[in-house]
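Colleague: The chain contents come next:
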Amino acid sequence: MSATGPALPPPDALTAPFWEECRRGVLAIAACADCGHRFLPPGPCCPRCWSRRLAVQEACGRGRVETFAVYRRTYHPALPAPYVVALIALDEGPRLISNVVGCAAAEVAVGMPVAVRFEKAGDRVLPRFAPAGDQGGAS
Amino acid sequence: MIAGVGHTAFGRLAPRTAWHLEAEAAAAAVADAGLRPADVDGLLTDPGPAQGILDGITPHFLRLGAQLGLDPDYVGSEILGGAGSVAVVGRAALAVEAGLCDVCLCVYGDSPLATPRSFEYGRGDEAVFGFFGAVGLHALAARRHMHRYGTRPEHLGEVAIAARAHAARTPHAEKRRPLTMAEYLASEPVVEPLRKLDCCLVSDGAAAVVVTTEERARDLRARPVRILGQGQAHSLSTYASPEHFERLPAARCGPKTLARAGLGPGDLDVVLLYDCFTIVVLLQLEDYGFCAAGESGPFVAGGRIAPGGSLCVNPSGGLLAEGYGGGMLHVIEAVRQLRGEAGERQKADAATALVSGHGLGMNTHATLVLGR
Ligand SMILES: [Zn+2]
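Just so you know, the protein sequences line up as chains B and G, in that order.
The numbering used here applies: residue 1022 is where the first sequence begins, and numbers increase by one.
The numbering used here applies: residue 9 is where the second sequence begins, and numbers increase by one.
In case anyone wonders, no lab produced these hints; they're calculated from the structure.
What you are looking at is a predicted structure, and each value in this text was computed from that prediction instead of being measured.
No residue lacks a Cβ here, since even glycine has one placed at the ideal position from N, Cα and C.
Please note that a few of the clues may not be correct.
[Unchecked claim] Across the chosen pairs, the derived CB separations fall in these ranges:
| no. | chain 1 | residue 1 | chain 2 | residue 2 | range |
| --- | --- | --- | --- | --- | --- |
| 1 | G | Glu303 | B | Arg1074 | 42 to 48 Å |
| 2 | B | Cys1070 | G | Lys204 | 41 to 47 Å |
| 3 | B | Ala1054 | G | Ala300 | 27 to 33 Å |
| 4 | G | Gly316 | B | Ala1125 | 40 to 46 Å |
| 5 | B | Asp1112 | G | Ala300 | 48 to 54 Å |
| 6 | B | Thr1095 | G | Arg156 | 28 to 34 Å |
[Claimed, not checked] List of simulated lysine to any residue pairs, SDA-like, C-alpha gap at most 20 Å:
| no. | chain 1 | residue 1 | chain 2 | residue 2 |
| --- | --- | --- | --- | --- |
| 7 | G | Lys204 | B | Arg1093 |
| 8 | B | Lys1141 | G | Ala135 |
| 9 | G | Lys204 | B | Ala1102 |
| 10 | G | Lys264 | G | Cys299 |
| 11 | G | Lys183 | G | Arg20 |
Start from the sequences and build out the full structure, keeping to the hints where you can.
Modeller: Below, the structure is given as structure tokens:
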């Protein structure tokens, strides 16, 4: 990774299955088999009822931008500024940090509907989000 | 009771390491109390982020204790980010009250300027999306506040300008030159909506406080400062709700801690709010009840928290202008104000003070209420 800077943190045992699903173009969310709570990031138990009976569901991939930030400074050579980091609330309820792509930073707004778009980045496939209606770019 | 305080200069202090700085601050605090090193029988530490990365956080008290030649009855290091200093002082008060030790030394220190990029760490899996540094996280909070309440960049600017105006009256502060709104607005964007001048300083330095029993404090050199109440609240579920970016856990421990001290927000003479970013000051003004939710922007307009304003917030300049003291400098400024030793910036007849600490991924919060 020396050409692109220090290695980014690798997935751990709990999150590796999430990233494997991304590789197949699936946005996977954890679901509790006991109380039905759906959540991200995946963990060892349901954060609501502590059940260890967990399942994986495929999210529809749509959501909304709840808040966002525009990076004007480059922190990692593989991720040159400017870029948008956002908190995305999925239609199913869980939230995740991701990027908004497919539009200018100035066009991103809180409340904006977005849809997932899988993009290859280094050795991972990342679930990024584009303004809903822009369905291009799925891998 | 807080019986002694001490700190180093803050700024670029290489080749001195955090250990050198912590030893200096420890000696200053113990001397300020009129005690000797052999009197110290408790050691609690708040290692700064760079020191944690370089040296490992777990053995921090171990290595510092060895360097100070201590064999104490009570030790620990807190890993609460910016809430750590306030938390260790609170923990020291509990320890001496329980009789676990008599003289507890609380030490914060760091030398991040010797450790480039130590404040720019990525957060686990989120680093792959470029989510680096505490500034990105707080930018999400600032955006949310702007969207929900119409808060403007000028409101954040008021916080930065007030900090500099206070620091102008603080001889040891790093940034003593006053700031204008035009300069603030022209400040380089880092992670929008936050500018460089919304971000605290990154400083080498150390600060220490001595906590002891009421009985022991009575006979010591300095006028003791009483710990009237303490509390903590944490939000570890993080993104489970967008509330994470709107209300800090301070909204829970703030009112409770004030109630334990028998005070309300209107009874506080001096308020030391953790100010890693300007937005955090606005959020805490709401969370602690100085103004209603969403109204902190208009609240700070017109210099209300600047020198001479109606609410005395961070009279030494805080992390934004005095220096990055981890939160221990906030405790020390409260003590100086309550002792009447704050010189040109002294708040007249200051009898009560609140000190807050806020840290990690906006996850941790600690509060102290102090009185004389
Ligand atoms: Zn459950």
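Colleague: Next, verify each hint and record whether it holds.
Modeller: Cross-check of the supplied hints:
A hinted range of 42 to 48 Å holds for the C-beta pair glutamate 303 of chain G and arginine 1074 of chain B, which are about 45 Å apart. For the hinted restraint 41 to 47 Å between cysteine 1070 of chain B and lysine 204 of chain G, the CB-CB distance of approximately 45 Å keeps it satisfied. The hint said 27 to 33 Å for the Cβ distance between alanine 1054 of chain B and alanine 300 of chain G, and at roughly 42 Å that hint is violated. One distance hint, 40 to 46 Å for the beta-carbon pair glycine 316 of chain G and alanine 1125 of chain B, holds here, with the actual separation near 43 Å.
Range check, aspartate 1112 of chain B to alanine 300 of chain G: about 32 Å between beta-carbon atoms, so the 48 to 54 Å window is missed. In this structure the supplied range 28 to 34 Å holds for threonine 1095 of chain B paired with arginine 156 of chain G, their Cβ-Cβ distance being about 29 Å. Restraint check: the Cα-Cα separation between lysine 204 of chain G and arginine 1093 of chain B comes to about 11 Å, which is no more than 20 Å; the hinted pair holds. For a cut-off of 20 Å, the pair hint linking lysine 1141 of chain B to alanine 135 of chain G stands: about 15 Å separates their Cα positions.
Simply put, lysine 204 of chain G and alanine 1102 of chain B have alpha-carbon atoms about 16 Å apart, close enough for the 20 Å limit, and the pair holds. At roughly 17 Å between alpha-carbon atoms, lysine 264 of chain G and cysteine 299 of chain G fall within 20 Å of each other, so this suggested pair holds. Our distance criterion of 20 Å between C-alpha atoms is met by lysine 183 of chain G and arginine 20 of chain G, whose separation comes to about 13 Å.
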